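Order-wise, the sequence lines are chains A and B. Residue numbering for the first sequence is 28 to 414, as defined by my numbering. Residue numbering for the second sequence is 49 to 290, as defined by my numbering.
Check each hint, because a few of them may be wrong.
[As the list claims (entries may be wrong)] No farther apart than 25 Å at their CA atoms in a straight line, the calculated lysine-lysine pairs in the PhoX-like style are these:
no., chain 1, residue 1, chain 2, residue 2
1, A, Lys221, A, Lys130
2, A, Lys286, B, Lys157
3, A, Lys224, A, Lys307
4, B, Lys157, A, Lys247
5, A, Lys286, A, Lys260
6, A, Lys286, A, Lys211
7, A, Lys221, A, Lys211
8, B, Lys107, B, Lys202
9, A, Lys260, B, Lys157
10, B, Lys218, B, Lys231
11, A, Lys130, A, Lys224
12, B, Lys218, B, Lys202
13, B, Lys276, A, Lys307
14, B, Lys231, B, Lys208
15, A, Lys399, B, Lys276
16, B, Lys202, B, Lys231
17, B, Lys276, A, Lys286
18, B, Lys202, B, Lys212
Worth flagging that the hints you see were computed from the coordinates, not collected in a lab. No experiment lies behind these values; they were computed from the predicted model shown.
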Amino acid sequence: MSLTFARHCIVALTVRVILIVYANFHDNNFDVPYTDVDYKVFTDAARHIIQRESPFERHTYRYTPLLALLLTPNILLHLDFGKLIFSLVDILVSLLIKRILIKQYCTRSTAEFCALLWLYNPLTIVISTRGNADSLAVLLVLLTLSMLQNDNSLLTGVLHGLSIHFRLYPIAFSLAMYLSLHTKNQLIALPNVKQVKLILGCILSLSLLTASCYYFYGYKFLYESLIYHLIRKDARHNFSVYFYMQYLTALQVSGILQKILTFLPQLVLLVILSVRYSTKFSLPFAMFTQALVMVTYNPVMTSQYFFWFLSLLPICLTNLCLSKCRSIFLLGIWLIAQGLWLFAAYLLEFKGLNSFLYIWIAGLLFFMANVKILLDIIVGYRDIPQI
Amino acid sequence: MNLFGATRRQARLLICAIFFFLHCISISIAFNASVDLRVLGDGFHRRLEYHVNIGNLTKENCYVALFIEFSSALYVNVDELADLHRFEKEFQNVVCSVGETNIELFAEKAMSQNVTVCSLLNNITSILTIPIHQRYQNAREGGGYINVSLPSPKLLLGCKERVKGYRVSKVELCLPCADLVTKWREIPYYSTTCNYVWQVPVGDLSHLTLVTNVTLLLTSLGALFALKRIWSNRSSRSKKEN
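The following block holds chain A by itself, in its conformation from the complex (with noise of 0.2 Å):
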């Protein structure tokens, strides 16, 4: 590498600065835009939160009013003040997989290296430069992995219960990181001081935050924010593999074997990973597993959905030993199956042609690929220090 990683993350940062010009263009002269339709959505709730107005004001705002209250320069400021942010949030994420990747006995080389896998990845860098806030989430979940590294078990918990506040899916991790901090000869059934230290902290932040959200914003907060996303069926179409099935049955109330099948493959998954790989060495591999088994299973799935995974990737590769061939051979179903299904909804968004079918069949496609992801990354993960 002739660059150093700071200079990396100075072009890094400059790439997207000069993506984030060049979306204004986009936006205004093609049909379909380059900045994300939430990007809109918050800076609505940012609005709001200026006319001391509620940010749930804002039809579709299903977020922590956090988000809203940090996007509030957007409004003062200057419209791109987000998409600095997240920018600059996905140069903080590289920092982050460096020191933790260091924490785990890589050489300062090969985390410098995992870390520009994300610093460059393209699908970062486009969805980050679209506006989309999920490198926040991102941040959030290494920052807690790395505080559970540094042993600060209270720290951890606090910033866990922060995660989750600022979007569901990393409680989907509790079970892993508590495991983790297990001792050999502690019982299973009593927690230790550690463990004790994390729930509490957690509980406390998540708590607190969201007692004070409902106090300045009511049951609107709690619906929109938590409610909203555990009884969500969107069967308007999406990546998942269940999107024609629930359209299909919009009309109909789902039968309880129907309900099961649908959710309970992922529960056991997630709860087998949460065991399988409790170990402190494991738990980024744990919580990679996981997020790829949450999106692969979820019966809503965007492309923003694949930072959760994206983002715990690079501090797993050093473990994985998974030929150059297979892999690219990996990348190369992912990225085909995705590209079938884009087709297939450009066809139906875009041309209003009855693609219904085809977009089921891709996500049949799409959903095999990242099984065999997550099947061969399982054969190929190393459970020791590889120096």
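Chain A is fixed; fit chain B onto it per the hints.
Just chain B now, with coordinates in the frame of chain A:
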């Protein structure tokens, strides 16, 4: 009594009525209004461009508006409209709506929207643009497409000076269009393109059993394979360690 058996008063009334009728026709013909619709884009998101032409309009400071009652199959996104008015300088006209604001509802559960688009009439021709989207519709046996007709708009003209010969409209326009002038008058117009049929694709309910069974089978198999792989990986590692 005259030759036709009518009284003098009746004859006078008849003449007045004929004069009034001719007067109205002359004004209508004088305006010679036409509306042409162009639909830009295909699929879920389209842009309606109404080219409004009011020929022979001599008055100044006039506004033109179109009022359209969209069925629940189509919608304008009020947040998108607010954004367009806020940021897009090229977006000259104002669009507002009354009715359904939830953009996520299926057509069957949504209410209709009354949309008004208005603009200052600089020339005799104005282009009024509305960004519009289609809603998802419930699946049905056979799938295919459902035809949604775009309703013909009502053309309204409002000037600072009085426009004679056209009745004041009782249509309730939404704000801010409604407040641009004190009185809006409905203008008859000529159009050959306003009857536009929009085809909305819908899912095929006859696929339900196949789709449900294959989806649930595949997702369950995926989980079983993953569990098997986790288990076998653990066993082989234990053997190696032993």
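Now for the hints, and whether the structure bears them out:
1. A:Lys221 x A:Lys130: 19 Å, holds
2. A:Lys286 x B:Lys157: 24 Å, holds
3. A:Lys224 x A:Lys307: 16 Å, holds
4. B:Lys157 x A:Lys247: 21 Å, holds
5. A:Lys286 x A:Lys260: 12 Å, holds
6. A:Lys286 x A:Lys211: 38 Å, violated
7. A:Lys221 x A:Lys211: 14 Å, holds
8. B:Lys107 x B:Lys202: Cα-Cα ~21 Å, so holds.
9. A:Lys260 x B:Lys157: Within the cut-off at roughly 15 Å; holds.
10. B:Lys218 x B:Lys231: 10 Å, holds
11. A:Lys130 x A:Lys224: 22 Å, holds
12. B:Lys218 x B:Lys202: It holds: about 11 Å lies between the C-alpha atoms, which stays within 25 Å.
13. B:Lys276 x A:Lys307: Given that 25 Å is the threshold and the Cα spacing comes to 23 Å, the pair holds.
14. B:Lys231 x B:Lys208: The hint holds at about 9 Å.
15. A:Lys399 x B:Lys276: With a Cα-Cα distance of about 13 Å, the restraint between lysine 399 of chain A and lysine 276 of chain B holds, given a limit of 25 Å.
16. B:Lys202 x B:Lys231: 15 Å, holds
17. B:Lys276 x A:Lys286: 23 Å, holds
18. B:Lys202 x B:Lys212: 18 Å, holds
Consistency with the previously given hints fails for number 6 only.
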